[in-house]
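For this one, chain C is given, so just place chain H on it according to the hints.
Going down the list, the protein sequences come from chains C and H. Its first residue numbered 1, the first sequence is counted upward by one per residue in the working numbering. Its first residue numbered 1001, the second sequence is counted upward by one per residue in the working numbering.
Certain hints may be false.
Now the stretches of chain H that chain C is said to cover, found in silico as 3 or more residues with beta-carbon under 8 Å [said to hold, decoys possible]:
| id | segment |
| --- | --- |
| 1 | 1168-1174 |
| 2 | 1177-1187 |
| 3 | 1256-1262 |
| 4 | 1298-1305 |
| 5 | 1344-1355 |
For lysine-lysine, the following PhoX-like pairs were computed, each having C-alpha atoms within a straight-line distance of at most 25 Å [claimed, not checked]:
| id | chain 1 | residue 1 | chain 2 | residue 2 |
| --- | --- | --- | --- | --- |
| 6 | C | 91 | C | 200 |
| 7 | C | 302 | H | 1260 |
| 8 | C | 123 | H | 1047 |
| 9 | H | 1047 | C | 318 |
| 10 | H | 1260 | H | 1239 |
| 11 | C | 91 | H | 1260 |
| 12 | C | 302 | H | 1255 |
Simulated from the structure, these hints should not be mistaken for laboratory data. From the three backbone atoms N, C-alpha and C, an ideal C-beta is built for every residue, glycine too.
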Amino acid sequence: MTTVIIDGLSYALPLLIIAIGGIYSERSGITNLALEGLLGFGAFTGGLFVVLFGPLFGVNSQAVIYLSLLVAMAGGAVFAMLHALLCIGFKANQVISGVVINIVSLALTGFLTSQINSSVFGKPSDKFMLSVFPRVTVPGLSKIPVLGAVFTNFYMFGPIILVLVLVCWYILYRTRYGMHLRACGDDPQAVDTAGINVNKTRFGAVVFSGALSGFGGMCFAYSISGTFSASVYMGAGYLAIAALIFGNWKTMPTFAACLIFGFARSGAYELVKGLQLSSSFSDLAMTLPYILTLLLLIFFSKNNRAPRALGEIYDKSKR
Amino acid sequence: MKNEQPKSRNPLVIVLGNKRWQFITIPLFAIVCSLLAISVIILLVGKNPLVAFQSLLQGSGFLPKENYSAYKGMLTDFMDTLDALTPMLFAALAVAVAFKAGLFNIGVSGQMLLSGFMATVLVGYSTLPAGLAKPLVLLVGIVSGAFAGGLIGVLKYRFNINEVVSAIMLNYIFQYIISFFINTRFVDPVSRQSRNVSEAARLTLMNVEVGAYKMRLPICILLALLLAVALQVFLSKTKQGYELKAVGLNPLASKYAGIKVGGNMVFALTLSGALAGLAGVTYYLGYFQSIQPGTLSSLGFDSIAVSLLGNSHPIGIVFSSLLITAISRGSTYMSSTVGVRQEIASLVTGMILLFSACSGYIRYVVNRSGGHKNKKGGKQA
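With the rest of the complex left out, here is chain C (with noise of 0.2 Å):
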């Protein structure tokens, strides 16, 4: 049960914050099928940056990690300007340039691995080696039962998400900004009529939500493999944003999905450990938690209300 929430926990956080990148983008009108390229992109600077600059910081330096994580977001950032490039700047379709901007990542960041690895340390291989992310374990609440497994051996970046996600929740329904945002999403015509720049309030959000994604993205590759490969590549994109679509675009309930997720993939993988199935039977582990997003979907999809202006192209001389 401990391991269930210990790694349910570290599966779902960085999920939620690749989701609330996705809220940001969606609730500015910018469909946003590109977080699963931006989160790698963003693993990918970071993991540059990790075995560019690590050396430089000694062997068991921390403040590395925590930089890397820093630099994940910017480059998250700065790829995320090609997508609001390409939807706002030059009206293409939004999916097909979230598509395309998965694909350029994907294939841009495995030539670029394998190509720095080969040209700069001179060795054949199509991954960057991190540091471990540092566990925690807070001594007087981990020994409550059950619940206490929430405190226990959690990797620090748990903590750090859900400020992030406070903070994100604070400007996206306390703030000027985050209701200009909100608002450029369900009446753009509004916002402009207000005086307000429609197209540099969605940049901002898309831009921000690489960001999000990029810190995401920078946490899987720590947890999952502790390297940078195109493993980091597994899908994690997609399932935040069916979390979000299934948390309707509200941040607690996109927090709940992303925890069901966590869960059920933990939950699963002890099922085949704890009934001594053979390692195949991961597999059909494995899709515990997509059919489980399907059954959700068919039942919470039908009074889901999507940004009114989610996915047109704003065009300021249309009524």
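Just chain H now, with coordinates in the frame of chain C:
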């Protein structure tokens, strides 16, 4: 710009501005841009881009190589490319049909895997004679692909689930479940893939001796080309095709005009799935002979690029799929002779996609700066 006819002196604008030829000039422009971008990357790596592109063409059988091993030649390389082209063409047509109805079938890979697996298990391991097995493989592929595609349509129509999300979920579900069955029942202990299907069931004839060569003979390429033409006729000449396009262009207006929007969406995705199914059987029981468990083919995703590059026009897709297939087929030869990494091939595909995604904007900019006498010329101030 107060002239009555704003004429640009920019030669690029003049060439691209001719509306009659835009359907071909704009994609070509996108391809040239991406090749330029890739050339810069190849130069940065310290290799000659022209040699690299030449070796791409050599590897895919469009230019002769310097030497060949026995029974091999430019023709055999070209037939290999045709063999790889067949599933790509089917898959890109699948994406295009859905796209014409305003839907995005990102589940082509999953549908391919399902149909390939079903055909492998039901027909591929049987002892049926070739005359019976090959049509059966096609049939199983069409039916299981159509089922998987139709499922996405029903989920969208009945339960309001975004087709992109459900298709991605189904992709993963197919991938893992099929991986489970292959690993537990149909695995070849040496190759760690599914056991090879019988030659009778395979849709590509192997080692056919023609003259001095031994080559592959992809028989389904004819079917694929035929279907591309049929699809074009269907979309432009029939009532059902018209309704399908209308739903894609404006679902609300179609609804008021009495067209069944939901029904057409399900139909489009079923048709798309059936085409993806054909792609699956020609891929797993033609180009390959077995299925690697736990992976989706990247072909299903590349087909989105191909379809986009071909402007979702069935005939345009024939050419764009030939281009993308040639690039990926030639990449192995390129990396071995020039020393440019093979990954660059997928980067080329990605770049072409990126520039094609902007093609609407390029067209808009060119038409606005008015290289050609267009009807709206006087309106602009």
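**OP:** Identify every previously stated hint that the structure contradicts and give their numbers, smallest first.
**Re:** Result: hints 3, 9 and 11 break, sorted rising.
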